[in-house]
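*Asks:* Sequence:
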Amino acid sequence: MNILESFNYWVVMILMMSGLYILIAHGNLVKKIIGLTIFQTSVYIFYISMANISGATAPIIYKNIEGDNILYSNPLPHVLILTAIVVGISTMALALALVIRIKQSYGTIEEDEIHAKEQQQ
Numbered sequence: 001m002n003i004l005e006s007f008n009y010w011v012v013m014i015l016m017m018s019g020l021y022i023l024i025a026h027g028n029l030v031k032k033i034i035g036l037t038i039f040q041t042s043v044y045i046f047y048i049s050m051a052n053i054s055g056a057t058a059p060i061i062y063k064n065i066e067g068d069n070i071l072y073s074n075p076l077p078h079v080l081i082l083t084a085i086v087v088g089i090s091t092m093a094l095a096l097a098l099v100i101r102i103k104q105s106y107g108t109i110e111e112d113e114i115h116a117k118e119q120q121q
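For the sequence shown, counting from 1, position 21 maps to 21 in the numbering used here; every step adds exactly one.
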């Protein structure tokens with residue numbers, strides 16, 4: 001297996017590591033949410049890449065075609081990823097709403113400043 005055959009896995013690893021780096025290295029809450037979203041997207045791409053079968057077709061069975069020699073792709077991983085995307089978007093929307101409330105309460109969205117204000121109270 002050469003590098004070009006596994007190009008999508010390299011892209012997944014780059015996205016995953018950059019999302020994890022953004023999540024760990026930055027103190028800004030919005031940047032943390034963006035890093036988490038990038039990380040989630042890399043997991044989606046990885047899962048769909050694993051479910052892809054070369055030369056397979058959608059599992060639509062017709063009456064007049066013999067299905068013995070046809071390779072079908074399983075639609076379940078794609079359906080699960082669609083559900084995960086919806087859950088990820090709603091989680092991101094909730095996180096952004098919480099960041100807005102934190103900004104209103106503390107006047108900042110920097111993690112260190114919020115922690116310092118919590119220690120003062």
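Honestly, the hints are just simulated from the structure, not real lab data. It should be emphasised that the depicted structure is a prediction, and the values quoted were computed from it without experimental measurement. Among the clues, some could well be false.
Stated by the list, open to error - 25 Å max Cα-Cα, derived DSS-like pairs, lysine-lysine:
# : residue 1 : residue 2
1 : Lys117    : Lys103
2 : Lys63     : Lys117
3 : Lys117    : Lys32
4 : Lys103    : Lys32
5 : Lys31     : Lys117
To be verified - So the derived label-pair ranges between C-beta atoms look like this:
#  : residue 1 : residue 2 : range
6  : Ser6      : Ala93     : 47 to 57 Å
7  : Ile3      : Glu113    : 40 to 50 Å
8  : Tyr9      : Ile89     : 40 to 50 Å
9  : Leu82     : Leu4      : 21 to 31 Å
10 : Leu82     : Tyr21     : 26 to 36 Å
11 : Ser6      : Glu118    : 39 to 49 Å
Ideal placement from N, C-alpha and C gives every residue a C-beta, glycine not left out.
*Asks:* Look at each hint and say if it fits the structure.
*Replies:* Hint-by-hint comparison with the structure:
Distance restraint check for lysine 117 and lysine 103: the Cα-Cα separation of roughly 12 Å lies within the 25 Å cut-off, and the hinted pair is therefore satisfied. Distance hint between lysine 63 and lysine 117 is unfulfilled; the C-alpha atoms sit about 69 Å from each other, more than 25 Å. Only pairs whose Cα atoms come within 25 Å are accepted, and lysine 117 paired with lysine 32 is accepted, the gap being roughly 20 Å. Proximity of lysine 103 to lysine 32 is assessed by CA-CA distance (about 15 Å); at most 25 Å being required, the pair is judged to hold.
Taken as a hint, the lysine 31 and lysine 117 pair is honoured in the structure, with Cα atoms around 20 Å apart against an allowance of 25 Å. A C-beta distance of roughly 34 Å is found between serine 6 and alanine 93, which places it outside the suggested range of 47 to 57 Å. In this structure, isoleucine 3 and glutamate 113 meet the distance hint of 40 to 50 Å, their C-beta atoms being roughly 44 Å apart. At about 25 Å, the CB distance of tyrosine 9 to isoleucine 89 disagrees with the hint of 40 to 50 Å.
Separation of leucine 82 from leucine 4 is about 28 Å and conforms to the stated range, judged on CB atoms against 21 to 31 Å. Distance hint for leucine 82 and tyrosine 21: a CB-CB separation of about 28 Å, consistent with the stated range 26 to 36 Å. Taken as a hint, the range 39 to 49 Å holds for the pair serine 6 and glutamate 118, whose Cβ atoms sit roughly 46 Å apart.
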